[in-house]
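Listed below are the residues making up each chain.
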Amino acid sequence: MITLTNIWKRFGEKQVHKGLDLEVRDNETLVIIGRSGGGKSVLLKMIIGLIKPDSGSIIVDGKEIGTLTYKQLQRLRFKFGFLFQGAALFDSMTVGQNIELALRRHSDYKDTDISERVKYALELVKLTNVSHLMPSNISGGMKKRVGLARAIALTPKYMLYDEPTTGLDVETADGINLLINELKTTLGVTSVVVTHDIHSAFVVGDRFAIFENGQFIMTGTKDDIRNSPNPEVRKYIESDIQT
Amino acid sequence: MTDTAIESTMFSRTAELFSRPGKIILTFFEHLGRYMGTIGWMIYNFRNAKEYSGNILQQMVMIGNNSIPIVLFVSMFVGMVTAVQSSYQLYDWIPRSVVGALVTKSVLLELTPLLTALVLAGKVGATITAELGTMRVTEQIDALEALAFDPISFLITPRVIAGILMFPILVVFGDFVAILGGMFGASTIAGIPIEAFVSGMKSSFDSWDAIFGLIKGTVFGFIITSVSCYQGFQVQGGSEGVGKATMNTVVLTCLSVVVMDFILASVLL
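Protein sequence lines, in the order shown, are assigned to chains E and U.
Per my numbering, the very first residue in the first sequence carries number 31; after that it's consecutive.
Per my numbering, the very first residue in the second sequence carries number -2; after that it's consecutive.
Chain E extracted, bound-state conformation (with noise of 0.2 angstroms):
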């Protein structure tokens, strides 16, 4: 489980967030719905500690990120995986070099084991014979897969996921809601995915938070997002059904 209590994070003179509290239980998808620059993408850097919060604490398992050493934290960060906005391969290796990274860095895999780990994680993203391709010879869709095959690569317990749809046409952007719903349910992560895409949202999540101006306004069901009366929530419902 994930606990974030009291969140304040301040960049220069803008203040993101104003005492963010928020909580991830095991298996769900939860979905921060929120606008785009509002600071969505700062807060699940903060829950691997990618950034640090100004004040406030973040629980994973039990343990305070804030307290713990260098290494304890590069320890906690082998249960999560991060899909990033634009996937963030590593672009003077190939694709399979991308996923087969970590597994050679933190596990005790013989090349034989890692080729077909990597195989593995690219069938599960629904790619095949791209392992040799580099980042730049494919489209923007395939390389979100390939982020997602990196990510899962040394199987998290937990999924992060930056605005995963955005930048996307409406046919590759389902296949990655689906591919969301099909990890969870293969691999049985826990989900926190950050999107401004109600649409994508409503396809992939559990539970949703509505994040605006620094702070959620409202967190809970689809059922209850849907029949909020917050006019800014009904903003987010209304641009879905003009989608």
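Check before you lean on any hint, since a few could be wrong.
Claimed, not checked - Pair ranges (Cβ atoms, derived):
#	chain 1	residue 1	chain 2	residue 2	range
1	U	Met257	E	Tyr139	44 to 50 angstroms
2	U	Leu252	E	Ser87	40 to 46 angstroms
3	U	Gly51	E	Pro261	52 to 58 angstroms
4	U	Asn42	E	Gln127	19 to 25 angstroms
5	U	Ala2	E	Asp199	39 to 45 angstroms
6	E	Thr97	U	Glu27	22 to 28 angstroms
7	E	Met123	U	Ile21	38 to 44 angstroms
8	U	Val248	E	Asn36	39 to 45 angstroms
9	E	Asp138	U	Lys199	57 to 63 angstroms
10	E	Ser87	U	Ser9	50 to 56 angstroms
11	U	Gly234	E	Arg134	31 to 37 angstroms
12	E	Arg264	U	Gly240	39 to 45 angstroms
13	U	Ala12	E	Asn36	36 to 42 angstroms
The hints are simulated quantities; they were obtained by calculation from the structure and are not laboratory data.
Backbone N, C-alpha and C fix where the C-beta goes; we use that ideal spot for every residue, glycine too.
Given chain E, put chain U in place with the hints provided.
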């Protein structure tokens, strides 16, 4: 305008006049502190370097092998120019063999290490900053951290080690070619017999001169690679940030190299 308004305007202008240099000084020390912190972290985690030996070899090729042509080209012409100009300046005053001595001393002590460093500040330094800066803005460095890698050990340490190892080697190559260039320039343009040039070269040769050049190469290699890596890691924004950081790297490394050149000469000679 009333007297109070004029006084207020003058006050704000004076405050601005003093605050701007103050901000520059603060920013300088802020970056110096972060740079030292990065170097400290790199040294503290140096034992991890063996795990990234593949990266070190890759960087040695990038920094060393790929720079050989430009270093040799520059060194050849530096040697020739030094020979021709020395001969022009001293023609009527001294024996011709002195040109050989002058070229050798100048090349070993100063010209090859300094000019190699300045050329590589542009080539290697700019490449490193642009590469790491792009990795920063496309979240590849964050991705490394998310995969439980230490990005300083993975990205900076191999580049700095490769710089420290390869720069002195490039200086050695440069020294040879510059002296050959000097010999060629002296014999073909200035009409100095090769025997006279070699005789002057032999009579003045001191192995400390060559060692001093290698020390310079090592120090310059460290400065150029570490500063360019730091700049790459600090990039903010998009491609504009990468461009700005790359330009800063070239300026900063060139300035640092000439200052360090003076310090080394003052201390070691």
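Cross-check of the supplied hints:
1. Met257/U to Tyr139/E: 44 to 50 angstroms: 46 angstroms, holds
2. Leu252/U to Ser87/E: 40 to 46 angstroms: Given about 44 angstroms between the Cβ atoms, the range holds.
3. Gly51/U to Pro261/E: 52 to 58 angstroms: 56 angstroms, holds
4. Asn42/U to Gln127/E: 19 to 25 angstroms: At 23 angstroms between Cβs, range holds.
5. Ala2/U to Asp199/E: 39 to 45 angstroms: The hint (39 to 45 angstroms, Cβ to Cβ) is violated, given that Ala2/U and Asp199/E are roughly 60 angstroms apart.
6. Thr97/E to Glu27/U: 22 to 28 angstroms: At roughly 26 angstroms between Cβ atoms, Glu27/U and Thr97/E fall inside 22 to 28 angstroms, so the hint holds.
7. Met123/E to Ile21/U: 38 to 44 angstroms: Holds, at about 40 angstroms.
8. Val248/U to Asn36/E: 39 to 45 angstroms: Given range 39 to 45 angstroms: holds, Cβ gap about 44 angstroms.
9. Asp138/E to Lys199/U: 57 to 63 angstroms: 60 angstroms, holds
10. Ser87/E to Ser9/U: 50 to 56 angstroms: 43 angstroms, violated
11. Gly234/U to Arg134/E: 31 to 37 angstroms: 33 angstroms, holds
12. Arg264/E to Gly240/U: 39 to 45 angstroms: Since Arg264/E and Gly240/U have Cβ atoms about 43 angstroms apart, the given range 39 to 45 angstroms holds.
13. Ala12/U to Asn36/E: 36 to 42 angstroms: Between Ala12/U and Asn36/E, where Cβ atoms are some 38 angstroms apart, the hint holds.
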